[in-house]
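Using the sequences and the hints given, assemble the complete structure.
There are 2 protein chains.
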Amino acid sequence: MANKIVIALDVMSGEAGAEAALEGANISLGKNPNLYFKLYGDEVVIGQYLANLPKLKQQSSIHHTDFIVSMTMKPSQALRKGRKVSSMWQAIASVRDGEAGGALSAGNTGALMAMASICLRTLRRIDRTAIAAIWPTLKGRTIVLDMGANLHVSAQNLVEFGFMGAAMARIIFKTKTPKVGILNIGEEEMKGNEDLKEAASVLRDSGMPLDYIGFVEGDGISKGLADVVVTEGFAGNIALKTAEGTARQMGTLLRDAFKSSWLSRLGYLLVAPSLKILRKNLDPNNSNGGVFLGLKGIVIKCHGSSDSLGFAHAIDLTASMIKNDLVNEIRNDLNVYYKDHDVIEDQKATVTKKVPAMNNKEV
Amino acid sequence: MANKIVIALDVMSGEAGAEAALEGANISLGKNPNLYFKLYGDEVVIGQYLANLPKLKQQSSIHHTDFIVSMTMKPSQALRKGRKVSSMWQAIASVRDGEAGGALSAGNTGALMAMASICLRTLRRIDRTAIAAIWPTLKGRTIVLDMGANLHVSAQNLVEFGFMGAAMARIIFKTKTPKVGILNIGEEEMKGNEDLKEAASVLRDSGMPLDYIGFVEGDGISKGLADVVVTEGFAGNIALKTAEGTARQMGTLLRDAFKSSWLSRLGYLLVAPSLKILRKNLDPNNSNGGVFLGLKGIVIKCHGSSDSLGFAHAIDLTASMIKNDLVNEIRNDLNVYYKDHDVIEDQKATVTKKVPAMNNKEV
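In order, the protein sequence lines correspond to chains A and B. Position 95 of the first sequence, counting from 1, maps to 100 under my numbering, and the rest follow consecutively. Position 274 of the second sequence, counting from 1, maps to 279 under my numbering, and the rest follow consecutively.
A pair holds if it fits inside one copy or across any two, identical chains being indistinguishable in the list.
Straight-line C-alpha distance at most 30 Å; calculated DSS-like pairs for lysine-lysine:
1) K179 - K328
2) K264 - K281
3) K144 - K328
4) K228 - K144
5) K196 - K301
Think of the hints as simulated: they come from the structure by calculation, not from any bench.
So, in structure tokens, the structure goes:
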């Protein structure tokens, strides 16, 4: 499989079932014949769908598992019952074992993060892993992290999120020094708590390949002020879901308006072709994929209710992260930074870990 | 001035200046002849505008002040320079002195909250004041608090926010037991930190006139799941501004789509009348007004950039809060609750106050 990009696909764990995952893989394969899929799940179910997807059948292998992590399981339960035996674990383990370049799942986010952290482990000097989302904005797209992996973080965690987000931005946006901002309740330097101010001062003077632009408010994300916006997971998750809710609210009101009279129905027919851009900008499929950052391997979370197009987009994203070697991009940054910042490294050693204890002996 | 609703209007502090404030007052007066305004600011400027607004001139008095709190002043600066002498302080002081039923300002939020807290003081047993916003949703409107007055709060603070929000909801939505939810990163009871879980359990069993419905996610606000959504100020502020940003982003994309071809321009003409509902739902003027809760008087914050219609809406809201005696509604709830919950009151005494020390001898 020379030059192949191998993706471990957890076929069964999403709400939409195996069909959306497999058809999504088939769509991506149509665009990128270098893909190869390791498919984890029930072999009978997968086999049935593959019978109708001959191209994918040729570019994939089936890896049977009996156990599927449900969407309602607590991470601890998922680990107890699904470690080693679940499609989710095995997809991640194939990344650890070098059999796949990255893993993709639409399953239970908490379980996926727990399994990924334990199976792949975090990169040396990374205290907290983060989930990065790609957000459609007026100027293009912005990476926002963390989306809920960590409810409370330190200044140092935020700094690391900035480095990791910038590494991802360099790959996705093809820019050498991505603009990085910190989410806050005001743009003025005096706003927010001490952790935010400390993280701001470290990022400003880090000397790393990023352009720290200061604090960004909630509406600064959609304005596209930054390539990367850093925040702790509670506010990040609330912001993401609030934006999704607001977009859905407007979409509903808009549809109601178009349907409200014969004149507006006629008007809609004339306007419809131009609305494509709006629809494309707001289609969650086009920004589908939460990238787990800080692990010794690539793991991507697809929206739980993704359809085949949503899966295809998340697969394209996974392929791009594998091809551009996201993990080494981050690892190299951390090596450069911490060689020059031994003092901060000493401080970091005193941080109390709340994540499961991990053995970070080797990078 | 029997039966008059007297509003102390800080005319000068907003970004749009005196004109928007005074024209807004004139619009509200047209709808509600019971209003009377005490106008605080530069008497020459105010006098010039009033010359063209004879009705308002008749139903108002001018109170000259030399000092205007600027939008960029820190709260501490505003207090040092503007205490007693600013239009903002004097408007609030007239509420304290019983000369007005409530104060309204479009000025610097931090300064307004600091002045209101010191001038009016907090209600007995209230540890933290909060800013409540009224949010347009698919089902109507939802009150969300806190919008940024407090970055970190305790479980007990969240419970008090729930009580205060419910009191405000009973007035605005004319419902006896408003639905109250707590903003969280998931609806499941196990989600979020310990403070959220503790606040949830207290609100569920409080026996107060509210219907606790559980945790609400970011997109649950726009779905209209609750009448009141409670959160700490950081996430609340981020959520509000993210929603505003997303609405603006969609509005911009929509306008671009309508303008993109002759066909779509024609279509827009046919659709335009039906778009009124959408525009009304999303017009920030229609949800203008941050209500300060927990003080011994009514203070409302108008958007800094409000136009006359925005002011008119905030004035209507202020009048409604005065007429329905918001402060006593909250005070009565607290009296009922704390009489039955002396244990919690004892615990509360140990909370370290981070707000300026206040003298809460009398309710």
